[in-house]
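Q: One-letter residues, chain by chain:
Number of protein chains: 2
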Amino acid sequence: MISLQSYVGGRWVTGSGDPKTLHDPATEAVLGDVRPGGLDFGAALAHARTRGGPALRALGFRQRGELLKALAGKLHEHRDELIEIAARNGGNTRGDAKFDLDGASGTLAFYAQLATSMPAGNCLPDGEGLQLGRTPRFWGQHVWLPRPGVAVHVNAFNFPAWGMGEKMACALLAGVPVIEKAGTPSALLAYRIAQLVIESGILPEGAFQFVAGSVSGLLDLLGPMDAVAFTGSSATGALIRGNRNLVARNVRVNLEADSINSAVLGPDPEADSDTYGQFLANVVVDMTQKAGQKCTAVRRILVPSGQLDEVADALRERLQAIVPGNPLQADVRMGPVASAEQLRDVRAGIDRLAAVAQVVTGGSRPLPGPGYFVPPTLLRARDPDAAVLHELEVFGPCATMIGYDGSAAAAIDLCNRGGGSLVASAYSDDRSFVEQLVLGIAPWHGRVWLGSEKTQGQALGPGAVLPGTIHGGPGRAGGGEELGGLRGLSLYLQRTAVQGDRAVVGRTFGGEGQPG
Amino acid sequence: MISLQSYVGGRWVTGSGDPKTLHDPATEAVLGDVRPGGLDFGAALAHARTRGGPALRALGFRQRGELLKALAGKLHEHRDELIEIAARNGGNTRGDAKFDLDGASGTLAFYAQLATSMPAGNCLPDGEGLQLGRTPRFWGQHVWLPRPGVAVHVNAFNFPAWGMGEKMACALLAGVPVIEKAGTPSALLAYRIAQLVIESGILPEGAFQFVAGSVSGLLDLLGPMDAVAFTGSSATGALIRGNRNLVARNVRVNLEADSINSAVLGPDPEADSDTYGQFLANVVVDMTQKAGQKCTAVRRILVPSGQLDEVADALRERLQAIVPGNPLQADVRMGPVASAEQLRDVRAGIDRLAAVAQVVTGGSRPLPGPGYFVPPTLLRARDPDAAVLHELEVFGPCATMIGYDGSAAAAIDLCNRGGGSLVASAYSDDRSFVEQLVLGIAPWHGRVWLGSEKTQGQALGPGAVLPGTIHGGPGRAGGGEELGGLRGLSLYLQRTAVQGDRAVVGRTFGGEGQPG
Numbered sequence: 001m002i003s004l005q006s007y008v009g010g011r012w013v014t015g016s017g018d019p020k021t022l023h024d025p026a027t028e029a030v031l032g033d034v035r036p037g038g039l040d041f042g043a044a045l046a047h048a049r050t051r052g053g054p055a056l057r058a059l060g061f062r063q064r065g066e067l068l069k070a071l072a073g074k075l076h077e078h079r080d081e082l083i084e085i086a087a088r089n090g091g092n093t094r095g096d097a098k099f100d101l102d103g104a105s106g107t108l109a110f111y112a113q114l115a116t117s118m119p120a121g122n123c124l125p126d127g128e129g130l131q132l133g134r135t136p137r138f139w140g141q142h143v144w145l146p147r148p149g150v151a152v153h154v155n156a157f158n159f160p161a162w163g164m165g166e167k168m169a170c171a172l173l174a175g176v177p178v179i180e181k182a183g184t185p186s187a188l189l190a191y192r193i194a195q196l197v198i199e200s201g202i203l204p205e206g207a208f209q210f211v212a213g214s215v216s217g218l219l220d221l222l223g224p225m226d227a228v229a230f231t232g233s234s235a236t237g238a239l240i241r242g243n244r245n246l247v248a249r250n251v252r253v254n255l256e257a258d259s260i261n262s263a264v265l266g267p268d269p270e271a272d273s274d275t276y277g278q279f280l281a282n283v284v285v286d287m288t289q290k291a292g293q294k295c296t297a298v299r300r301i302l303v304p305s306g307q308l309d310e311v312a313d314a315l316r317e318r319l320q321a322i323v324p325g326n327p328l329q330a331d332v333r334m335g336p337v338a339s340a341e342q343l344r345d346v347r348a349g350i351d352r353l354a355a356v357a358q359v360v361t362g363g364s365r366p367l368p369g370p371g372y373f374v375p376p377t378l379l380r381a382r383d384p385d386a387a388v389l390h391e392l393e394v395f396g397p398c399a400t401m402i403g404y405d406g407s408a409a410a411a412i413d414l415c416n417r418g419g420g421s422l423v424a425s426a427y428s429d430d431r432s433f434v435e436q437l438v439l440g441i442a443p444w445h446g447r448v449w450l451g452s453e454k455t456q457g458q459a460l461g462p463g464a465v466l467p468g469t470i471h472g473g474p475g476r477a478g479g480g481e482e483l484g485g486l487r488g489l490s491l492y493l494q495r496t497a498v499q500g501d502r503a504v505v506g507r508t509f510g511g512e513g514q515p516g
Numbered sequence: 001m002i003s004l005q006s007y008v009g010g011r012w013v014t015g016s017g018d019p020k021t022l023h024d025p026a027t028e029a030v031l032g033d034v035r036p037g038g039l040d041f042g043a044a045l046a047h048a049r050t051r052g053g054p055a056l057r058a059l060g061f062r063q064r065g066e067l068l069k070a071l072a073g074k075l076h077e078h079r080d081e082l083i084e085i086a087a088r089n090g091g092n093t094r095g096d097a098k099f100d101l102d103g104a105s106g107t108l109a110f111y112a113q114l115a116t117s118m119p120a121g122n123c124l125p126d127g128e129g130l131q132l133g134r135t136p137r138f139w140g141q142h143v144w145l146p147r148p149g150v151a152v153h154v155n156a157f158n159f160p161a162w163g164m165g166e167k168m169a170c171a172l173l174a175g176v177p178v179i180e181k182a183g184t185p186s187a188l189l190a191y192r193i194a195q196l197v198i199e200s201g202i203l204p205e206g207a208f209q210f211v212a213g214s215v216s217g218l219l220d221l222l223g224p225m226d227a228v229a230f231t232g233s234s235a236t237g238a239l240i241r242g243n244r245n246l247v248a249r250n251v252r253v254n255l256e257a258d259s260i261n262s263a264v265l266g267p268d269p270e271a272d273s274d275t276y277g278q279f280l281a282n283v284v285v286d287m288t289q290k291a292g293q294k295c296t297a298v299r300r301i302l303v304p305s306g307q308l309d310e311v312a313d314a315l316r317e318r319l320q321a322i323v324p325g326n327p328l329q330a331d332v333r334m335g336p337v338a339s340a341e342q343l344r345d346v347r348a349g350i351d352r353l354a355a356v357a358q359v360v361t362g363g364s365r366p367l368p369g370p371g372y373f374v375p376p377t378l379l380r381a382r383d384p385d386a387a388v389l390h391e392l393e394v395f396g397p398c399a400t401m402i403g404y405d406g407s408a409a410a411a412i413d414l415c416n417r418g419g420g421s422l423v424a425s426a427y428s429d430d431r432s433f434v435e436q437l438v439l440g441i442a443p444w445h446g447r448v449w450l451g452s453e454k455t456q457g458q459a460l461g462p463g464a465v466l467p468g469t470i471h472g473g474p475g476r477a478g479g480g481e482e483l484g485g486l487r488g489l490s491l492y493l494q495r496t497a498v499q500g501d502r503a504v505v506g507r508t509f510g511g512e513g514q515p516g
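The listed protein sequences correspond, in order, to chains A and B.
Residue numbers for the first sequence, in the numbering used here: 1 to 516.
Residue numbers for the second sequence, in the numbering used here: 1 to 516.
There could be a bad hint or two in this list.
[Unchecked claim] DEER-style ranges, computed between Cβ atoms:
id, chain 1, residue 1, chain 2, residue 2, range
1, A, A348, B, D220, 24 to 34 Å
2, A, G457, B, S216, 13 to 23 Å
3, B, S216, A, Q131, 51 to 61 Å
4, B, Q113, A, G306, 46 to 56 Å
5, A, E205, B, R134, 31 to 41 Å
6, B, R352, A, A387, 45 to 55 Å
7, B, Q456, A, G201, 32 to 42 Å
8, B, V323, A, A503, 54 to 64 Å
9, B, S407, A, G42, 25 to 35 Å
Keep in mind the hints are simulated off the structure, nothing from the lab.
All C-beta atoms in this analysis are idealised placements derived from N, C-alpha and C, irrespective of residue type, glycine included.
Please model the entire structure based on the sequences and the hints provided.
A: Okay, here's the thing in structure tokens:
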């Protein structure tokens, strides 16, 4: 039993106020707690601004990349210990935990590698220079420079390692110190990672601070050079985006929120084809990995109406083979959801879906014994137009099949009813169908994943977020954008147009010859 | 006497409700009015979404560029008529009016030219493709596609032509229909331009709608694919950014707001140098062009303390030669401010500055006769640390000299106290000073303009917004970004990562071989 500490202002601090209890979601055993109060956020921000930020920016992009490499190594070194914590506090199977932890270290390593091709200093040219005057003498060059602010990262409970790691990687490489708030239910893993980061001494003091508990009040203190990156529910996201101080001071906000992602089986794949096989396999992984608690997981499965029976049978068979259990047991392929609150929400959500859909397998009924378990639950919509299908994210091992007529137009219409999603996947070898579908759904999605004969065995499924391509989506998905290589740094950098004599601007700030 | 109409839903509509009177600011003669009510915004949005948007997107980037070219030509064709309206309703001298009108047609023409190097279709690749899997088979390509929404442009009164033109250019080229709200005091010019746009038939029906009056209520109807671009005061900007519907639905918002821009005279220029001469000339232009009603105009003039007397003398002499008057008279070099409300605000602002600064020339005293006239007003700060100097934008022909010790560090500190500005200019031939200054102020500015011996006679001053470089600034300046070539389209496009078989993704969505 432990009360998690926060690391702010250069020391570990025990919180105060009403504790929130942390559980093992497989056994409901109490593991510790977090307490919301007792932190001096003004001092934390000052510490980041006066110590962490200047120390990071004294290094330049390339050296900061080396710090990320060392952090990746540190996580990898403690992988087994962290996997065990992820099982106990997160309900993660070994596979789930590796997905989270290797995602974190892999993303840190990706940005470390990216840094090797960046300038040594802090000035990153953006595009080519351009002539602005009557002659080439008067010249313009856009540059990106680190903002002298603080990055506040409000992380979700579902990826305590990866979520924190991917946000940290971009901010730290940009040269901006971070304050990491852990998602409460799974805070033990984030806490242990924070301990490793601090103990390692890899980062300069003030570059990394960690909050277990609450950041209530912190947002009211942020200024124009700061940034907030949030992952979590739409409702909390809207509270952050609408925060009076953030609005008044034009503080940058990036949100990753709910998303009713879809998978589309095209009209062409035969049941014995590789494309069809990928479709089934990816849907099952998305529904059951992390017990379906992924913001990128599929929630709507679009199937040509004539194939609904066959797909329902195939998915039912695979899903019924996955029995939720304690992830510390080696043969368990799916753990519980993260908390009693999640369990309640998921069951209520399944009931809401079941009002407009038939339950193919699983359902909302309680399972015997302790633990926050939900069986893999597949539904089949009676009415594809029912709004709840396109509006309700059930954040657990649950998805709904929806029939469509096999045309790209119908699939586009259904996908886009999600109101903006992180990802859609499509499975087809019909080029014309794929092209039409992508052009129709891309504006409503941050990412489109295409499965075809040739991708068999080549790729992680649509649920995996890769650091080279952006993560985020419009509208309902939060309207944000993270990762995508250098694109992910832009939240923390200021783009400025420098205009003047070409001999000065081009040489000092352009591609040739970097300052400092 | 005319009551301005709006063009919505395919027809001209007369507003209803309490009229706001439009004046000739030089004579206070009544020219017409605008009325806030009577428009069906739901129908206007539907018209844009179902007619204007699809018609624009049926064209592709290159053909849309041709529309912009035709619009630029139409404005140029009516230049003399428009200059006269700008004088009567805007208080613009001929030079001011040309700055606004040629800015509009020039920006439209710039984007028309840019379009010739864009894809013919609607799919704009973003960067190179990249390997995502174990082999190059699994591939990623970021693309930009037009969002199927509506661009709502809330324009400021100071640049009725340019402001509307630059926003329109980016949205229309992106493939997004616009609803243009005119700044009320100068709405006659925007109205006439709207008439020309509609009469010309250049744009497909629904691609351009025009609102004279108010957009109150319109923002509550926007959805995730829409965007709002606003230019005006911080206070109104915060109301827009904080609008409950825009927050809840993650509607994109771009703000250009107040800005306490600075000009820095470096420690080196001698009084007879070209660099020093540019400094004086640009400051005088910025203070008096458009009667100082430019969001990019200089408000703080940083001068090495030892040179304050000499600079004050030189600026006083030049400013006193500029006597405000009716811009319809050919010899008048500066007109009135735009409205009685502006006059009141500018006078009150000068008084607030005069509490911490000495008036070198001009001042807040009323001038004889009718018209909203303010003399060019230069102040000299007694205390450089007085907060009002760095926080109050007096939106008229007014700026304050502030002494500093000639070091880059001191200049950086003062410039950045503006809390985020659109532009800072610096005049120096000392490379080390310039480099240090730029790296220090760039994160707080959208643009930095460098004057030196070599830029003499080569460039428009820092007040001019060029379409090739970004316009916007962090924090106080709104946190937005417009123009900058292709960068200016990003508000209206969705960036999406397409992942799949390289043979499909690379060929269909990558650099080689554009769809449709």
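Q: Next step is simple, just say for each hint if it's right about the structure.
A: Each hint tested on the structure:
1. A348(A) to D220(B): 24 to 34 Å: holds, 30 Å
2. G457(A) to S216(B): 13 to 23 Å: Since the Cβ atoms of G457(A) and S216(B) sit about 57 Å apart, the hinted range of 13 to 23 Å is violated.
3. S216(B) to Q131(A): 51 to 61 Å: Cβ of S216(B) to Cβ of Q131(A): about 43 Å, so the range 51 to 61 Å is violated.
4. Q113(B) to G306(A): 46 to 56 Å: holds, 51 Å
5. E205(A) to R134(B): 31 to 41 Å: holds, 39 Å
6. R352(B) to A387(A): 45 to 55 Å: Between R352(B) and A387(A), where Cβ atoms are some 54 Å apart, the hint holds.
7. Q456(B) to G201(A): 32 to 42 Å: violated, 53 Å
8. V323(B) to A503(A): 54 to 64 Å: violated, 40 Å
9. S407(B) to G42(A): 25 to 35 Å: holds, 30 Å
Hints 2, 3, 7 and 8 from the list above are not met by this structure, while the remaining hints are.
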